[in-house]
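Protein chains in written order, with this note's numbering: chain A, 1 to 242; chain B, 1001 to 1220.
Read the hints as simulated data drawn from the structure, not as lab findings.
Note that the structure is predicted; figures quoted are calculated from it, not measured.
Just to be clear, a hint being listed does not mean it is correct.
Straight-line distance between alpha carbons at most 27 angstroms, and here's what the computed BS3-like set of lysine-lysine pairs gives [stated by the list, open to error]:
1. A/K64 <-> B/K1183
2. B/K1134 <-> B/K1104
3. B/K1159 <-> A/K103
4. A/K102 <-> A/K82
5. A/K232 <-> A/K134
6. A/K134 <-> B/K1159
7. A/K232 <-> A/K82
8. B/K1183 <-> B/K1134
9. B/K1159 <-> A/K160
10. B/K1134 <-> A/K134
11. A/K177 <-> A/K134
12. A/K232 <-> A/K103
13. A/K82 <-> A/K134
14. A/K55 <-> B/K1104
15. B/K1134 <-> B/K1159
16. A/K134 <-> A/K103
17. A/K82 <-> A/K177
18. A/K64 <-> A/K160
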Amino acid sequence: MSHSEDPVGRRDFLKTAAAGAAAFAAETHQDDRDHPQDHDHDHQAVPSDLTLRVKALESLLVEKGLVDRTALDLIVDAFETKIGPRNGARVVARAWVDPAYKKRLLSNPAAAIAELGFTSHQGEDMVVLENGPKVHNLVVCTLCSCYPWPMLGLPPVWYKSAPYRSRAVIDPRGVLKEFGVEVDGDAEVRVWDSTAEIRYLVLPERPAGSEHLSEEALAALVTRDSMIGTAKVALAARGGAG
Amino acid sequence: MNGIHDMGGMQGMGPIVREQNEPTFHAGWEGRVYALSRVLRTRGGLWNLDAFRHAIETIAPADYLRMTYYERWFAWMLRTVVAAGDASQAEIDAGIPTPGSPRKAPLITADAVPSMVALRSSARRDAPVAPRFKAGDQVRARNMHPTGHTRLPRYVRGKSGRVVVDRGVFLFPDTNAHLKGEKPQHLYSVRFAARELWGEQASARDTVHLDMWDDYLERA
């Protein structure tokens, strides 16, 4: 890569990146909320350097007029409270109770997803993959973190991590076993590496014995991981986003 | 580029660590970095999603592995605002605008946020480009090692597969990342037998599917 091809200016970028890395090395915990007992430590008594540095950049851009602070608040709120795996779960549950809907979902995801009130543009480049006894689909992005966020929200840390990205393509059955999923030796494990702008949503198998459940109760069973392909949906599942 | 980000098939990265009831953001600053980057990325011309990805890829490997996901984004952002002329390094260091510097218009206002977060911008293009391949064709991923951005992972180069479906015309990230044009072309879902990629250790039943542009493929 020549410098003329590079929109960033690699040398400067690396300098900054290294500074960021050094700043992070000074932190022992990312999430103070999960480790209140650590607040007694001297290095935790003041806000982390990253907290300060991010706040400083935000303040600077707000003062310059380039960034509207309320817009930032709304974006954070949207991803913390509105855009998450409950969206995908509603689509899955509808497909389970309505065979005609399922057919439309598999053949024209954009239109089918829009039927449930989600904006049609969200599904334009979405592909829905049906899991069954013969085929188990598993989604990964080996190159970065591509993920169907309109349906599932932002990806969990493990999905973006080196262990998952490196192993999902070479050892999918080992990865699945680690997640507690055994795939029959006669079945095909079909891995989807999200190398382009197509986004993949797994339609998990409806659990046996769930025939009596309402669409709403079914949606509560559908987990985020089952829509990535790293879990099956269990009847006894507590539900929720995990 | 053959960077650390191209991880498919690497070994020794350790166990997959999962977190119960994981929050969307693990600290306040992560959410701010996410939101700031979404806002900054709306600026046309200087940046696009592919350029953003490439910038992350050029983080030195040791740093890339050590940094958390949003730290990489923050590192990108610091570069972006300087490169775009939105702030000087001196202003970033000081945390306040240089006295007398002109006030700018917001890239995104609060009322535009709902549609911004609802509409994922598409890389699909309505360009009249003829496909070079069709469903059922046997193809080989080209053995090439571009030093710039590419979405052709190392583990698939030189390997043979079969076109499953033509997904239509999409902009080409290898040029778009370097602001050298969109070069729209057909994108295909290509199926590779796991054994073609990994040899006998893989299950004879398993497959890996990748989305691949015309420029990544040759006839097998």
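Status of the hints after comparison with the structure:
| no. | hint | result |
| --- | --- | --- |
| 1 | A/K64 <-> B/K1183 | 36 angstroms, violated |
| 2 | B/K1134 <-> B/K1104 | 49 angstroms, violated |
| 3 | B/K1159 <-> A/K103 | 33 angstroms, violated |
| 4 | A/K102 <-> A/K82 | 24 angstroms, holds |
| 5 | A/K232 <-> A/K134 | 14 angstroms, holds |
| 6 | A/K134 <-> B/K1159 | 25 angstroms, holds |
| 7 | A/K232 <-> A/K82 | 24 angstroms, holds |
| 8 | B/K1183 <-> B/K1134 | 19 angstroms, holds |
| 9 | B/K1159 <-> A/K160 | 26 angstroms, holds |
| 10 | B/K1134 <-> A/K134 | 26 angstroms, holds |
| 11 | A/K177 <-> A/K134 | 17 angstroms, holds |
| 12 | A/K232 <-> A/K103 | 21 angstroms, holds |
| 13 | A/K82 <-> A/K134 | 34 angstroms, violated |
| 14 | A/K55 <-> B/K1104 | 19 angstroms, holds |
| 15 | B/K1134 <-> B/K1159 | 18 angstroms, holds |
| 16 | A/K134 <-> A/K103 | 18 angstroms, holds |
| 17 | A/K82 <-> A/K177 | 31 angstroms, violated |
| 18 | A/K64 <-> A/K160 | 33 angstroms, violated |
Against the hints set out earlier in the document, violations occur for numbers 1, 2, 3, 13, 17 and 18.
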